[in-house]
Amino acid sequence: MSRIGVFVCHCGRNIAGTVDISTVVEAAKKLPNVVYVEDNKYTCSEVGQDVIKKTIEENQLNRVVIGACSPRMHENTFRKAVASAGLNPYLLEIANIREHCSWVHSDDKEKATAKAIDLVKMAVAKVARHQELFPKQVGLTKRALVIGGGISGIQAALDIADAGHEVFLVEREPTIGGRMAQLDKTFPTLDCSACILTPKMVDVAQHPNITLLTYAQVLKVSGFKGNFEVEILQKTRLVDHDKCTGCGSCWQKCPQKVASEFDFGLGNRKTIYIPFPQAIPNKPVIDTSNCRYIKYQGWEKDSKGKKPPECRICEKVCPTDAVDWGQKDEIINEKFGAIVVATGFKTFDHTTYGEYGGGRYPDVITGLQLERLMSASGPTEGEVIRPSDGTHPKTVVFISCVGSRDDHIGRSYCSKVCCMYMAKHTIMLKEHDPDIQSYVFYIDNRTGGKGYEEFSRRAQEEAGALYLRGRISKIYRDGPKMMVCGDDALMGRPVQIAADLVVLATGMDPSDGVVELAQTLNISYDTNRFLIEAHPKLRPVETQTSGIFLAGVAVGPRDIPDCVAHGSAAAVKVVGLLSQDTLTTDPMTSIVDPAKCVGCFMCEDVCPFSAIYRETTRDGRPVAIINETLCTGCGLCVASCRPGAIDLHGYTNQQLLAEVVSLCR
Amino acid sequence: MMDKNIVKQIRDKAKELLSNGTIKCVLGYETGTDGMNARPAFIYEPEDVDRLIFDNTCTHNLSTYLRDKRENPVAIVVKPCDARAINVLLGERQIEREKVFIIGIVCQEVVQVSWGELSHDAQMRCKICNQHTPVIYDFLIGGPVDESAPKAEPPANVTAMEGKSSGDKVDFWSGQFSKCVRCYACRAVCMGCYCTVCFVDMLDPEWVGIKIATPENQMWNTIRAFHLSGRCIGCGECARVCPVNIPLDLLNMKMEKEVGEHFEFVSGLSSEEPAPLASFLKDESLGIGE
Amino acid sequence: MPVDFQPKIIGFLCNWCSYAGADMAGTSRITYPSNIRIIRVPCSGRIDPLFIAKCFTEGADGVFIAGCHPGDCHYIEGNYYARRRFALMGDLIEYLGIEKERYQVRWVSASEGKKFSQIISAFTDKLAALGPRIKG
Amino acid sequence: MNKITSKKDLASWLDGLMKDKVLIAPAFVDNQSVFKHVANVAEITFDFKNTALSVKEWFFPATEPLFTIHQKDGDTTLEPIDIENEFVLFGIRPCDAKGLKLLDKVFLGAPTDTVYAERRDKTTLVGLSCLEPSPQCFCNSMGTAPNNADDVDIMLTEVVDGYIVEAVTDKGKALLSVAKLSNSKLSVPKIKCPTELQVKNVPEAMKSCFEDDYWARIADRCIHCNICAYVCPVCHCFDIRDYPTSEKTERIRCWDSCQSPGFTCAAGGHTPRPTKASRLRQRFYHKLLYFPERFEDFQCTGCGRCVALCPVNIDIREIITDVPKLGEKSATKA
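Chains as they are written, first to last, in the numbering used here: chain A, 1 to 665; chain B, 1 to 290; chain C, 1 to 136; chain D, 1 to 334.
Honestly, I wouldn't trust all of these hints.
A few chain A residues facing chain C, derived, Cβ under 7 Å [as the list claims (entries may be wrong)]:
{"no.": "1", "residue": "Val-104"}
{"no.": "2", "residue": "Ile-332"}
{"no.": "3", "residue": "Glu-334"}
{"no.": "4", "residue": "Tyr-651"}
Footprint (simulated), chain A over chain B, 3 or more residues, beta carbon under 8 Å [said to hold, decoys possible]:
{"no.": "5", "stretch": "90–102"}
{"no.": "6", "stretch": "199–206"}
{"no.": "7", "stretch": "244–257"}
Keep in mind the hints are simulated off the structure, nothing from the lab. No residue lacks a Cβ here, since even glycine has one placed at the ideal position from N, Cα and C.
The shape of chain A in the complex, shown without the other chains (with noise of 0.2 Å):
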């Protein structure tokens, strides 16, 4: 039996100006179930919140009902102090005759009036059903993953580190680093990519809360926010990476070589290899699919071609006999209470277009080759060469745009960093040889960020870089010059260049299997296979599972500044999960009631959270059950429960209906 007790509160002239609080008052004592009604000035203040603790203790109470301003405004003010009292914080209802009453009727206070005492009534009927509802606490794994070992990845991994938590970084490559690793140097400052990066990869690599696993891959993920368990891949290397040094010799001495994927194709590397001389670690992998080795062994009599050589060369240079031929993958079980995604771009594919040669001119690059080329460590030593006839070029034509803001080849958006990079590019140019003259043909010359309209300005005013608004309708050769035609649309002219090297700004794309990630982790992607945030203003790093955060260019194109942010924030997030000793989750969550579910699981399809799975009953049927932790109370499936098998705590199907009837009959 509820014993309801009711404060009107006048909220200073706010309500009682406008709502007769007496006749409020005398039309509670008659409500059911009620049997204290009080006024007060401002129930919100110290005293008022004072009469209702002594209030519930006196009349002893076990409901309560505040007429009051809106609850988003005090609700959690009154739920303690009613706890205050002794009583469950969720027996409390509020009635809303402030913001939904007085401040919107004060045209007609006798209507008004009418309105608070049936929102009161509402609120009675509704608290006589309400029940006293717990908090659950649940243990998390202080223990953190993040995918991906670019500059996000790293970021987020060493400040997550540095607050003092376990990290394990995994990357798909045989280092880290990802991009920014191959890049010569970064706008606006210029200052050189690998100088600022590799100390970062150093410090990942000797943090003592860092676990670094590349040439890894995360298989499968189950559980939720505080308890994932992961399956990672560890790819073989067969190089026993305790063992090895780093001295170099295996890869001085292999004969194979094949060509590097981190220079695109613009040099060689071995098939045992480092990526680039500051990879980290700096071990060296075996690429199975050209070792000569493995081809021999994979031999057989009737295989055409003749028998390849056994080789073993890096074998035998070995001083530490790190080479393991029987080194097979490995599979890495783990849990974790975070995890980071951070899994970065490729370089859109620049052959969709045939107007731009379709990749067959050689002479005709993406910037990031052009990163490479200039790069002191890059296959021509940083040397500006054609790569057709290891000529100097003289006239460089830059394309703006290649695969972004483009319906046709479906990328409609805009990859933020191509402008900036394309003006870096001709200054580096002129400071590699004051000869270069560089045409950029662009769409909008786009600069927003501290310093980068300035470096833009520089680029085309000290850097003498010609900028041309305008589209490129065809690339062709012509002898030894790849002849440039487009139209110059500020001056509403068509335009031909004959240039020497041809620099496409080739936009972003998200990795390569991230969808295939995305569906592991169950986050969600847009149509450009960009991950999505929670919500795109307030919530930028996480996703809408919770315990799965987000960093850098997997969620949409940003620059490094913005990805170093971005793996920050992401990090603080992780570390403010972290940093509890327990999760506390909130009681107003579905619950399923076992006998009236009949199994056909409409719940689990609607529910955007995945907070619903199956379980067998004692009599063998299979019904849905709620994860607390994972249910955010939206009632979703409630509303999708024909048998009514699913309720809302706080807003139960009785307390709704009761809601409704109470003001009807």
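Mind docking chains B, C and D on chain A? Use the hints.
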């Protein structure tokens, strides 16, 4: 008018399945006590298969019994409409495909059935039906049928009802619902109504008052129709069994029409397609909100 | 129909956008007719269409439902599912003779206090003009 | 010598009755014959097969308030339901009349159901013989007949140009005092209904086959709707619930059926009859064994409604015929 050949095939298949132990029971039809109209039959022994018949009085949608019998593998005789019901039940994870052997029968029409009277008029739903071959079966009886017939128009009586004024609609429906005695035969006979506790029987929350009166009856019939929307395959059993002749199918057909127009969904064509109310398109407006 | 007929309106508002929008109308002191009685729900996706039928059964003259604009749902997808349910329920009750003007579903954001008051004013006037749902 | 009245005179008699009494008579609604309040004789149909619902609803309505509860500052008052009008129920068939007789055994026995009693008391029954019983009819087997006058106040039997009128009770005589009657040599024809059943041994046989899986086999087909119970002139189970409003609370009684899963559901959710089979068996044991044991009569009038309206053709006549055989079967087993 019984087709000897169809009946023989049913009996032979039933005998075979029962004898070799593939199944425990056959859900089929036998002749009723009026000697003219069919009634559901449950055959457990091979020697009883000769009770099985099939003719155009076999109106019952036997899939409604499948949940009762889901413990053991069974065989079931289905018309094309009933076959769609099986897809619905599969889609809603109520039955296991491997436990049901579907004997599908190519069907032209069934006649209006009432005990003790033999009718020759096809049921209205059959007149607008263009699904004469079951969409799912393990064993098909009857030759292929020309399905090229134009897609069925929404039934005339639905469009007629839509055309009425609000006042006339209220008069019509309150007239109908005032007759309802809440015997729940419409629910009991429906393959889609299998909730452990129907919302109408719940005491708390009391969705529907206990009174057997027009407003309560309307609430019951409204929600019955709503709960079936996107799931009703139009077997028309609800209307057939109503002892006070409320045209319940008029509600269900309306809902299926809307489901089709809003979501381009036809219930029971496949068991894979997500239920219309368990899925959405971001950029559909449905005339809601703005 | 009595000239001073006061329609009984029940409103279901999602906590994050529309309820906040109604609060906004309050904080901005925008007056609107007092007939509506608001029931707070976490999400428009929580509203089982049964409530709509129940409100009319219990004698409401109008039912109003508001949620976050599509794409803005606090729970990501709630209002998308709600939209489908409400569309169907709307078709059904109209078919049963309840004028479709008696049933409104709108998207109202937390900042749209003005819009909320305008919608409610228009809705109330419309219902007043229609008269009691249960005649006599 | 029988009394006879012409169709014209019958009509004017009924017209007269309507002045101070409420007339309930068969009429067609949505081409289905039902008993309803009629405002003029033209509405009445004199030629009809049995109505879908029996006349029981006029004495034991599907829903009725038993009394209303008023609460005013602290004290509670109960307000009984009073039935002002007097009724004439015209056109009742002997099977339905027999039904009322059986309901009387239940509702008028101690403790008396006052609401039912008052309705019965204020209603005069004018019976109408059924000249062409339907194929589902078997009233003869249930101790009445298509023209049996035992259970009505006045019995009418249609003949060539009018109706033979029998005043059975004083109530009937009183009502007829204003009727225009003449003498006639015509006598009431003997009418039999198609089905004759051997019912004598049924209760005894029922005792021996409670555990027989016969019931489960019949129940296979049953969809446990409530049609059989609601159309039955004798089924009388009901449920009671309160309907509160801000002014008053009504205590409502409404029909219920032993076929619905919730029927025997106790607090806490336990149901003694959890299966369709157990519920279906209960129905027939009540009709063919328990009721006879208590009231020396079957709880069935042979009106055949359940036979004709059962969606899946569960036919009580079939059961009445089968049960004795089951008895023999189990006897031979033993």
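Tell me the numbers of any earlier hints that the structure contravenes, in ascending order. The structure conflicts with hints 2, 3 and 7, although it agrees with all the remaining ones.
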